[in-house]
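First to last, the protein sequences are chains Z and C.
Residue numbering for the first sequence follows our numbering, starting at 76 and increasing by one per position.
Residue numbering for the second sequence follows our numbering, starting at 17 and increasing by one per position.
Take the hints with a grain of salt, since some may be wrong.
Unchecked claim - In silico EDC-like pairs for lysine to aspartate or glutamate, Cα to Cα no more than 16 angstroms straight-line:
{"id": "1", "chain 1": "C", "residue 1": "K278", "chain 2": "C", "residue 2": "D164"}
{"id": "2", "chain 1": "Z", "residue 1": "K112", "chain 2": "C", "residue 2": "D91"}
{"id": "3", "chain 1": "C", "residue 1": "K252", "chain 2": "C", "residue 2": "E198"}
{"id": "4", "chain 1": "C", "residue 1": "K295", "chain 2": "Z", "residue 2": "D95"}
{"id": "5", "chain 1": "Z", "residue 1": "K90", "chain 2": "C", "residue 2": "E150"}
{"id": "6", "chain 1": "C", "residue 1": "K192", "chain 2": "Z", "residue 2": "D95"}
{"id": "7", "chain 1": "C", "residue 1": "K492", "chain 2": "Z", "residue 2": "D95"}
{"id": "8", "chain 1": "C", "residue 1": "K234", "chain 2": "C", "residue 2": "D91"}
{"id": "9", "chain 1": "C", "residue 1": "K196", "chain 2": "C", "residue 2": "D91"}
{"id": "10", "chain 1": "C", "residue 1": "K229", "chain 2": "Z", "residue 2": "D119"}
{"id": "11", "chain 1": "C", "residue 1": "K152", "chain 2": "C", "residue 2": "E191"}
{"id": "12", "chain 1": "C", "residue 1": "K266", "chain 2": "C", "residue 2": "E189"}
{"id": "13", "chain 1": "Z", "residue 1": "K149", "chain 2": "Z", "residue 2": "E83"}
{"id": "14", "chain 1": "Z", "residue 1": "K112", "chain 2": "C", "residue 2": "E189"}
{"id": "15", "chain 1": "C", "residue 1": "K299", "chain 2": "Z", "residue 2": "D119"}
{"id": "16", "chain 1": "Z", "residue 1": "K117", "chain 2": "C", "residue 2": "D289"}
{"id": "17", "chain 1": "C", "residue 1": "K507", "chain 2": "C", "residue 2": "D99"}
{"id": "18", "chain 1": "Z", "residue 1": "K112", "chain 2": "C", "residue 2": "D269"}
As the list claims (entries may be wrong) - Here are a few chain C residues that sit away from chain Z, every Cβ distance over 10 angstroms (derived from the structure):
{"id": "19", "residue": "N37"}
{"id": "20", "residue": "W49"}
{"id": "21", "residue": "E111"}
{"id": "22", "residue": "F115"}
{"id": "23", "residue": "D119"}
{"id": "24", "residue": "G141"}
{"id": "25", "residue": "L212"}
{"id": "26", "residue": "E262"}
{"id": "27", "residue": "L285"}
{"id": "28", "residue": "G298"}
{"id": "29", "residue": "L471"}
{"id": "30", "residue": "M498"}
{"id": "31", "residue": "I499"}
{"id": "32", "residue": "F526"}
To be verified - Stretches of chain C that chain Z covers, calculated by requiring three or more beta carbons in the stretch to come under 8 angstroms of a beta carbon on chain Z:
{"id": "33", "region": "404 to 412"}
{"id": "34", "region": "529 to 541"}
Think of the hints as simulated: they come from the structure by calculation, not from any bench.
These figures come from a predicted structure and were not determined experimentally.
The beta carbon of each residue, even a glycine, is placed where N, CA and C say it ideally should be.
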Amino acid sequence: MSINELKENAEAVVKNLHGDQRFIGRSTSIGLTPGCKLSVIKNDKNRPILIYSRDTMISLGRSECAGIEVEEVKR
Amino acid sequence: MSAATIALLGQPNSGKSTVFNALTGMRQHVGNWPGKTVEKKEGSFAHNGTTYEVADLPGSYSMSANSDEEVITRDFITSGKADVVCILADSSQLERSLFMLADYAGLDAPCFLVLNMEDVAKDQGKSIDVNVLEKKLGIPVMLFSATDTKAYDKFYETLERALKGKTRINVSELEKEYEKIEGYNDIKSSISEKALSGCTPMWLTAKYIEGDKVVSAKLNEALSKDSLSKLEAASKNSGGAIATGECKFKWIDELLTGVVNKPKTSVSLGKLDRIYTSKVWGKPAVVLTVILGLIASFIPALPIMGLGSVVDMLKNVVHDALVNAAVPDILTGLICDVVLQSMGYVIKMLGFVLGVTLVFGLLEEVGIMARISYVFDNTMGRLGLQGKSVMPFLVSFGCTMGGAAGARVIDNWGQKVLTIALAWAVPCGAAWAIIPMLSTVFFGLGAPLVIVVILLVMILHMWITAKIFGKGLVKKEDRCGMIMELPPYHKPKWGALLRYVFGRTKDTFFRVVKVVLIVCLIFWLLSYGSGETDTSILYRVGTAIEPVTKFFGLPWQLFIAFIAASVGKEGAVGVISALYAGTSYGEGFAAAMSGAARAANLNELLLANVSKPEALAFIFAITFNLPCVVALAATYQEIHSVKWTLKIALYYTVVALLLACVAYHVGLLIF
């Protein structure tokens with residue numbers, strides 16, 4: 076599933092990244108690499124999604140979310 | 017003679033500019049990298065009798081080559097221009113912010129690591145063992161808060177250690193990770209030790225796997241066809257940048273075990289963030305924040321602006337004294353209408369710049385600016401801008417120079433220029449004083465309609481201007497979507513902030529005085545006329561080209577008022593008043609620009625001399641004209657490019673006349 080399908084407060088692990096070199100470079104440099112744990116802080120329709128990962132609050136645009144494949148981790 | 021050149025390297029929000037400002041103080045020079053739309057910041061400082069040069073490398077997220085900023089940063093380091101590189105990381109988010117260090121590892125230039133924001137990490141209950149980290153990395157490491165001005169002794173000491181030892185990062189553990197990537201060893205074996213100066217084969221191999229265009233191109237030149245095809249084959253199944261990214265973070269995780277102790281915390285949004293990120297309240301909250309900021313910036317500004325008014329009064333006193341002493345007219349004019357008038361403008365402007373720099377610098381440091389960016393990123397992205405650009409736009413409703421000064425928080429030069437260029441289209445406070453007045457005189461109850469049309473034209477103007485200038489200023493690849501960090505809120509450090517604000521204001525003063533003096537002198541020369549009859553160049557040109565300006569809906573009196581409004585909109589109505597009342601132009605101009613009262617019968621004068629379509633044309637012409645001489649100077653101060661400042665100024669003058677023309681001809685159809 077892609078990251079925007081996660082519900083608020085869900086926890087997940089990044090599985091893979093899809094996109095051009097620039098997108099991959101940018102995602103990697105902010106810490107989103109396969110195996111990285113994250114939790115969803117806020118996910119409102121039509122608004123950027125807010126996640127928390129590697130001690131950092133990150134906001135992702137809706138179109139960027141499509142390129143981040145995750146697997147939900149049940150608590 | 018400088019002993020060494022230090023390059024500052026760090027991701028956005030790592031506090032790079034704070035360190036740069038603290039080190040160099042006022043000894044800095046801001047310009048552009050040759051041929052690039054990227055800002056170049058250099059400075060110097062002296063410590064223990066030696067001078068150090070500091071280069072603040074353009075903000076980038078990694079050492080890859082995905083943007084002009086990153087290419088410039090990388091070239092600077094690999095070309096050996098830096099004797100030592102200071103890598104900055106945020107202590108409160110070490111895991112993520114050490115990525116720059118991991119991406120740097122394998123470059124030849126000696127380096128040291130500065131863990132900034134010790135205070136924030138402490139507040140979060142984190143403790144960091146610097147000694148262990150230093151041992152693992154093999155380079156000097158230090159922990160401090162860049163805003164703590166007393167902590168810099170530690171910085172100098174660490175810097176000297178790095179320079180003396182020419183310290184490089186111990187990469188053996190990182191390479192072990194890289195070696196697990198399929199094809200890594202094959203690629204590395206075909207890259208020679210000296211393939212590219214400044215880079216080790218390990219670093220080149222990793223970049224090649226990431227598909228780095230610059231490295232691939234350089235290797236294409238350096239290697240034989242045979243080894244190139246070997247390289248390509250080997251990298252096929254490597255996994256690219258995702259694989260190397262994983263390696264870098266594994267290495268970072270290893271580094272940090274036993275170094276960082278942090279309490280288990282659950283993350284939730286603070287009260288303020290819940291409002292800013294709210295779907296409904298986010299935008300109103302940001303607009304309110306900026307408006308409150310604008311109001312707050314008047315508190316420190318007002319006393320200084322009052323001083324500017326004193327200079328204006330002084331001007332009148334000096335004028336009378338000089339006239340009484342029978343000093344030649346031309347000298348009196350130069351002293352009063354050029355020098356003192358300019359100083360009056362500049363001092364008033366400085367007050368406002370000081371206020372805006374202080375308040376918006378505070379919003380930036382505290383972390384609110386990042387939230388503003390978050391809330392407006394989608395909207396502003398349509399114009400090719402960052403979310404932060406909304407702030408200069410809102411400030412420009414009050415004063416365009418405040419908008420220009422506020423654009424400083426935009427870290428991309430091209431986007432900064434575009435933001436200021438668009439902010440000029442926002443009618444400022446002085447325009448809002450004139451538009452309703454003129455609209456009411458001529459259109460009575462239709463006045464609100466005029467104002468609505470002006471606001472709609474403003475939006476259209478900004479949209480078209482963004483299209484025209486955006487191409488050259490904001491590259492397509494810079495318009496990346498939003499992947500952005502929201503930094504934790506920081507407590508502001510007043511000492512460092514005030515030092516920065518006063519430094520900026522002083523710097524602005526010297527730069528701006530020149531521009532304002534020159535422009536005021538030119539206008540004075542143009543409008544200087546001796547004796548009773550109007551002999552000024554502006555009058556003669558104005559009347560001579562009246563057939564042309566008439567087509568734009570501007571008789572010569574209005575055209576001259578339009579030109580005068582480029583110096584200051586406040587004076588425009590005074591100039592019309594003087595001209596229609598039959599005062600000599602030269603006198604009328606000088607009096608109006610220093611705020612002389614308009615004729616008591618101005619309304620009748622206007623209605624008797626100006627037709628409705630002409631009035632409409634004039635309203636549009638001065639609303640969208642270049643805002644004023646100080647806004648021009650402030651723009652130059654922020655973008656430090658004469659070419660772009662003139663380009664924008666010329667563009668606005670032409671567009672204002674075109675809009676006037678359209679308004680006039682539409683007016684002819686209606687009335």
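Structure-based check of all given hints:
Our distance criterion of 16 angstroms between C-alpha atoms is broken by K278/C and D164/C, whose separation comes to about 23 angstroms. Of the supplied pair hints, the one linking K112/Z and D91/C is violated, its CA atoms being roughly 34 angstroms apart against a limit of 16 angstroms. For a cut-off of 16 angstroms, the pair hint linking K252/C to E198/C stands: about 9 angstroms separates their Cα positions. Distance check on the hinted pair: K295/C and D95/Z sit about 30 angstroms apart at the alpha-carbon level, beyond 16 angstroms; violated.
Distance restraint check for K90/Z and E150/C: the Cα-Cα separation of roughly 32 angstroms exceeds the 16 angstroms cut-off, and the hinted pair is therefore not satisfied. A hinted pair counts as satisfied when its Cα atoms are at most 16 angstroms apart, and K192/C with D95/Z does not qualify at roughly 27 angstroms. The hinted pair formed by K492/C and D95/Z meets the criterion: a straight-line CA distance of about 14 angstroms does not exceed 16 angstroms. Distance check on the hinted pair: K234/C and D91/C sit about 13 angstroms apart at the alpha-carbon level, within 16 angstroms; holds.
The hinted pair formed by K196/C and D91/C fails the criterion: a straight-line CA distance of about 29 angstroms is larger than 16 angstroms. Our distance criterion of 16 angstroms between C-alpha atoms is broken by K229/C and D119/Z, whose separation comes to about 37 angstroms. Using a Cα cut-off of 16 angstroms, the hinted pair K152/C and E191/C holds, with the two alpha carbons roughly 14 angstroms apart. Pair hint K266/C plus E189/C holds up; C-alpha atoms about 10 angstroms apart against a cutoff of 16 angstroms.
For the hint linking K149/Z to E83/Z, the alpha-carbon distance of about 13 angstroms falls within 16 angstroms, and the restraint holds. A distance of roughly 23 angstroms separates the Cα atoms of K112/Z and E189/C; the hinted pair therefore is violated under the 16 angstroms criterion. Restraint check for K299/C and D119/Z: the C-alpha separation of about 15 angstroms stays at or below 16 angstroms, so the hint holds. Our distance criterion of 16 angstroms between C-alpha atoms is met by K117/Z and D289/C, whose separation comes to about 11 angstroms.
In summary, the hint linking K507/C to D99/C is not supported, as the alpha carbons are separated by about 34 angstroms, beyond the 16 angstroms threshold. Of the pairs offered as hints, the one joining K112/Z and D269/C holds, with about 13 angstroms between alpha carbons and a cut-off of 16 angstroms not exceeded. No beta-carbon of chain Z is positioned within 10 angstroms of the beta-carbon of N37/C; the least distance is around 24 angstroms. The non-interface label for W49/C is consistent with chain Z: the shortest C-beta to C-beta separation is roughly 21 angstroms, beyond 10 angstroms.
At roughly 4 angstroms, the least C-beta separation between E111/C and chain Z is not larger than 10 angstroms, which violates its mark as non-interface. Not every beta carbon of chain Z lies more than 10 angstroms from that of F115/C, the smallest distance being close to 5 angstroms; the non-interface claim is violated. With a closest Cβ-Cβ approach of about 7 angstroms to chain Z, D119/C is found to fall inside the 10 angstroms limit, against its non-interface label. Every Cβ of chain Z is farther than 10 angstroms from the Cβ of G141/C; the closest lies at roughly 12 angstroms, confirming the non-interface assignment.
Every Cβ of chain Z is farther than 10 angstroms from the Cβ of L212/C; the closest lies at roughly 19 angstroms, confirming the non-interface assignment. Against chain Z, the non-interface label of E262/C is violated: not every CB pair exceeds 10 angstroms, the least being about 5 angstroms. A beta-carbon of chain Z comes within 10 angstroms of the beta-carbon of L285/C; the shortest separation is about 6 angstroms. The claim that G298/C is not at the interface with chain Z is violated, since a C-beta of that chain comes within 10 angstroms of its own (minimum 8 angstroms).
Under the 10 angstroms C-beta cut-off, the non-interface status given to L471/C relative to chain Z holds; the minimum distance is some 26 angstroms. Its beta-carbon lying about 4 angstroms from the closest one in chain Z, M498/C breaks the requirement of being farther than 10 angstroms from that chain. Residue placement check: I499/C does not keep its beta carbon more than 10 angstroms from all beta carbons of chain Z (closest about 5 angstroms). Distance check for F526/C against chain Z: the nearest CB is about 38 angstroms away, which clears 10 angstroms, and the non-interface claim stands.
Judged by the Cβ-Cβ criterion of 8 angstroms, the region 404 to 412 of chain C is not covered by chain Z as claimed, because only 0 of its residues qualify and three are needed. Coverage of a stretch by a chain is defined here by at least three residues with a beta carbon nearer than 8 angstroms to that chain's beta carbons; for the region 529 to 541 of chain C and chain Z the count is 0, and the condition is violated.
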